[in-house]
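If you read the sequences in order, they're chains R and F.
Residues 1 to 297 in the working numbering are what the first sequence lists, from first letter to last.
Residues 1 to 297 in the working numbering are what the second sequence lists, from first letter to last.
It should be emphasised that the hints constitute simulated quantities derived from the structure, not laboratory data.
Worth double-checking, as some hints may not be accurate.
No copy labels: a pair is met if it fits in one copy or bridges any two.
[Claimed, not checked] Here are the computed lysine to any residue pairs in the SDA-like style, where the Cα-Cα straight-line distance is at most 25 angstroms:
#  : residue 1 : residue 2
1  : LYS143    : ASP133
2  : LYS136    : PHE162
3  : LYS224    : PHE286
4  : LYS136    : LYS249
5  : LYS250    : GLY225
6  : LYS77     : ASN43
7  : LYS224    : THR284
8  : LYS31     : ASN294
9  : LYS136    : ASP192
10 : LYS71     : GLY266
11 : LYS224    : GLN290
12 : LYS31     : GLN290
Please read all numbers here as calculations on a predicted model, not as lab measurements.
There are 2 protein chains.
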Amino acid sequence: MAQIIESIPNISEGRDLEIVERIVDAVRETKGCKLLDYSSDPNHNRSVITYIGDAAAVEEASVEIAKRAAKLIDLTKHTGEHPRMGAVDVMPFVPITGSTVQDCVDLSRRVGKRIAQEADMPVFLYEYSASADNRKNLSVIRKGQFEKMAEKVLEPEWEPDFGGRRIHPTAGVVAVGARPPLIAYNLNLDTDDVGIAKDIAKTVREKDGGFRCVKAMGFMLEDKGVAQVSMNLTDFTVTPVHVITEAVKKEAEKRGVRVTESELIGLCPLKALTDAASYYLGITDFDDAQVIENNIL
Amino acid sequence: MAQIIESIPNISEGRDLEIVERIVDAVRETKGCKLLDYSSDPNHNRSVITYIGDAAAVEEASVEIAKRAAKLIDLTKHTGEHPRMGAVDVMPFVPITGSTVQDCVDLSRRVGKRIAQEADMPVFLYEYSASADNRKNLSVIRKGQFEKMAEKVLEPEWEPDFGGRRIHPTAGVVAVGARPPLIAYNLNLDTDDVGIAKDIAKTVREKDGGFRCVKAMGFMLEDKGVAQVSMNLTDFTVTPVHVITEAVKKEAEKRGVRVTESELIGLCPLKALTDAASYYLGITDFDDAQVIENNIL
Numbered sequence: 001m002a003q004i005i006e007s008i009p010n011i012s013e014g015r016d017l018e019i020v021e022r023i024v025d026a027v028r029e030t031k032g033c034k035l036l037d038y039s040s041d042p043n044h045n046r047s048v049i050t051y052i053g054d055a056a057a058v059e060e061a062s063v064e065i066a067k068r069a070a071k072l073i074d075l076t077k078h079t080g081e082h083p084r085m086g087a088v089d090v091m092p093f094v095p096i097t098g099s100t101v102q103d104c105v106d107l108s109r110r111v112g113k114r115i116a117q118e119a120d121m122p123v124f125l126y127e128y129s130a131s132a133d134n135r136k137n138l139s140v141i142r143k144g145q146f147e148k149m150a151e152k153v154l155e156p157e158w159e160p161d162f163g164g165r166r167i168h169p170t171a172g173v174v175a176v177g178a179r180p181p182l183i184a185y186n187l188n189l190d191t192d193d194v195g196i197a198k199d200i201a202k203t204v205r206e207k208d209g210g211f212r213c214v215k216a217m218g219f220m221l222e223d224k225g226v227a228q229v230s231m232n233l234t235d236f237t238v239t240p241v242h243v244i245t246e247a248v249k250k251e252a253e254k255r256g257v258r259v260t261e262s263e264l265i266g267l268c269p270l271k272a273l274t275d276a277a278s279y280y281l282g283i284t285d286f287d288d289a290q291v292i293e294n295n296i297l
Numbered sequence: 001m002a003q004i005i006e007s008i009p010n011i012s013e014g015r016d017l018e019i020v021e022r023i024v025d026a027v028r029e030t031k032g033c034k035l036l037d038y039s040s041d042p043n044h045n046r047s048v049i050t051y052i053g054d055a056a057a058v059e060e061a062s063v064e065i066a067k068r069a070a071k072l073i074d075l076t077k078h079t080g081e082h083p084r085m086g087a088v089d090v091m092p093f094v095p096i097t098g099s100t101v102q103d104c105v106d107l108s109r110r111v112g113k114r115i116a117q118e119a120d121m122p123v124f125l126y127e128y129s130a131s132a133d134n135r136k137n138l139s140v141i142r143k144g145q146f147e148k149m150a151e152k153v154l155e156p157e158w159e160p161d162f163g164g165r166r167i168h169p170t171a172g173v174v175a176v177g178a179r180p181p182l183i184a185y186n187l188n189l190d191t192d193d194v195g196i197a198k199d200i201a202k203t204v205r206e207k208d209g210g211f212r213c214v215k216a217m218g219f220m221l222e223d224k225g226v227a228q229v230s231m232n233l234t235d236f237t238v239t240p241v242h243v244i245t246e247a248v249k250k251e252a253e254k255r256g257v258r259v260t261e262s263e264l265i266g267l268c269p270l271k272a273l274t275d276a277a278s279y280y281l282g283i284t285d286f287d288d289a290q291v292i293e294n295n296i297l
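Looking at chain R on its own, in the form it has when it is part of the complex (with noise of 0.2 angstroms):
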C-alpha cells in the first residue's frame, strides 16, 4: 500500500484568481504530488487547495505554497469575511492510507519548520501536533487575527513553535498541523424552522455534551426554504456518519419533522462510506479487505 498524505491548506486570497493559480501552481509542478481540487470563496476572500502525495511529495508542495503565498500576499490590505492570520492560513495533514496520524505530526513538525526558515513566517504548530494544549483549536491560536498577532506573540504562551516572536510584516503568521480526515456533512429537515435545526444541533455536537468529534450548527437554507443541521465530523473512526445521521433523524422525529436528504461536501475517506454501508445492510465480520480496491492502494 502506498503512503498517501493529505493536505488542506486555506490560503487569505479568493479574489484575484491570477495570485491563487500561481500559488497552486506550487502542487502541480511538484513530482509526486497530485492537485484534487482547490476553490476560492471571494466574500471570504479565502481559497482552499487539496492535494495528496507521500509524506516527501506533500512537504515540498507544502513548503513552496507558503513560500509563494507570503510573496504575493499582502495581509495589510486584506478584507474578508472569515477569520485569518496569515497569507498561508492553516495547513492540516490527514493520512488516508499507508500512513499514521503520528506520520504527519512528523511531516508538520518538518515542514513547520522549513516554512519559518525559507518562507519567514512563525509557525504554531496545532491539532495533534500542538506543543501545548491552548494550541490545540485553530480559533484560539488565531483570535487577535493578523492585525493583533505581532503584539500577541510577544505574549508568555504565545510564543511561535518555529520562527521566533516577529510576525511576516506583510504574510503574517501560520498554524501547521495534524488531523484526521474532517467529514463536512449536512442533514436538511422539512421544516423551516431553523430553531428546530439549532436546537437539534445543539443537542448531538460534542460542546454541549452529544456526540464526540461532532461540530453542528443549524442554519436556514434559503434556496430551498428548508432548515439544515450542518456538522463538521472531526473523526468519523470516534463517531460514524451514521451513527451521527441516525442520531438526527431520532432528534428530528421527537420534534416531529423528519429529515429528507443528507449532503456531503467535498471529499471523504472511503473508509466512512463503507462502514456505513455494513452497518445498513447488517453485514456480520465485514473485512476493508474484501473493498477490492483496498488491496491496490
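Since chain R is already given, all that's left is putting chain F on it; use the hints.
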C-alpha cells in the same frame, strides 16, 4: 487512474496443495500482478485463485496458469463434487478500474488464443465474450463435463472458439470470458424454516421473474440453525446490493420473518458499497470522485 483487471480462474485441483502452489506461483512470478487470494476445497477438488493487474500482466499470468494446470492436473483421474471440464476449468476477466468490459473481452480473446496454442487446450469464449448465445452460460458449455467433452466438441454447434475439435487428453477444455464483478451475498432469516428462504429466493431471482442479474437459492445453515437466502449478484450496477437487500427484507416481512444479518463472501467492488452508503444516508448528488481513494486509484 491505473488499469486494473481481476481474474479468478478455477482449477480442478483442491487436494494436492503442492500442485496448487506451483500453479499459484505463476501469479507470484509475474511482474505487475498481485495475488489477492487463493483457496482450495477438497470436497469439490477445486481451487479458486484471485489476482489483479493491468491487461498485459494478467494475460501473462493467466496463460502461464493454463500451461501449468494442463501439465500438472490429470482429469482422467479427477473426482470431486463440482462439475468440471478442464484442468483450468473457467477463467473470467473482470474490469475493476480504468478498464471496461470490452477491454476484458479483448483480453479474453488474446488469452484464449494463446491457451489453445501454448497449453494445447481448446477454448470456449463465454459470458460477454461468447461468440454465440448458447455459449454465454458456463453451465451449458460445461454440460457433459470432461468425460463427454471429446464427443461434444464434434457436434456442429460446439466447435471451440480456439484450438479445434480435439480436446486435451488429460486437461480437457476451458471457458475464458469477460464478466462484470460478481458479488456473493447472503441474507440470514430468523427462522429455521428453509421453505421460507427457498420461497423468497424464487420470488427475487431473475430466473423466476424477479430482479435482473440476481441468482438466488434458499439454504439451511446447519451451524446457526437458521434459513438463508444465498445470492450471486452478477451485475450490481443493474440490481444494487441495497435494492436486493430491501427487497428480501420486504419479502421476509410478508412471510412473518425478519432478516437478521447479511454475509458478504469474498471480494466486492468499492462502488457497490459506496452506492449502498449513499442510498441509506440519503446523500443528494453523491459523486464517486468525493471518495478520496477514488482519486488515487
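Comparing the hints with the structure gives:
no., hint, result
1, LYS143 <-> ASP133, "within (15 angstroms within a copy, 71 angstroms between copies)"
2, LYS136 <-> PHE162, "within (16 angstroms within a copy, 67 angstroms between copies)"
3, LYS224 <-> PHE286, "between (38 angstroms within a copy, 18 angstroms between copies)"
4, LYS136 <-> LYS249, "neither (31 angstroms within a copy, 47 angstroms between copies)"
5, LYS250 <-> GLY225, "within (22 angstroms within a copy, 34 angstroms between copies)"
6, LYS77 <-> ASN43, "within (15 angstroms within a copy, 78 angstroms between copies)"
7, LYS224 <-> THR284, "between (39 angstroms within a copy, 13 angstroms between copies)"
8, LYS31 <-> ASN294, "both (24 angstroms within a copy, 20 angstroms between copies)"
9, LYS136 <-> ASP192, "neither (36 angstroms within a copy, 55 angstroms between copies)"
10, LYS71 <-> GLY266, "neither (29 angstroms within a copy, 53 angstroms between copies)"
11, LYS224 <-> GLN290, "between (39 angstroms within a copy, 23 angstroms between copies)"
12, LYS31 <-> GLN290, "between (32 angstroms within a copy, 23 angstroms between copies)"
Violated hints for the displayed structure, listed by number in ascending order: 4, 9 and 10.
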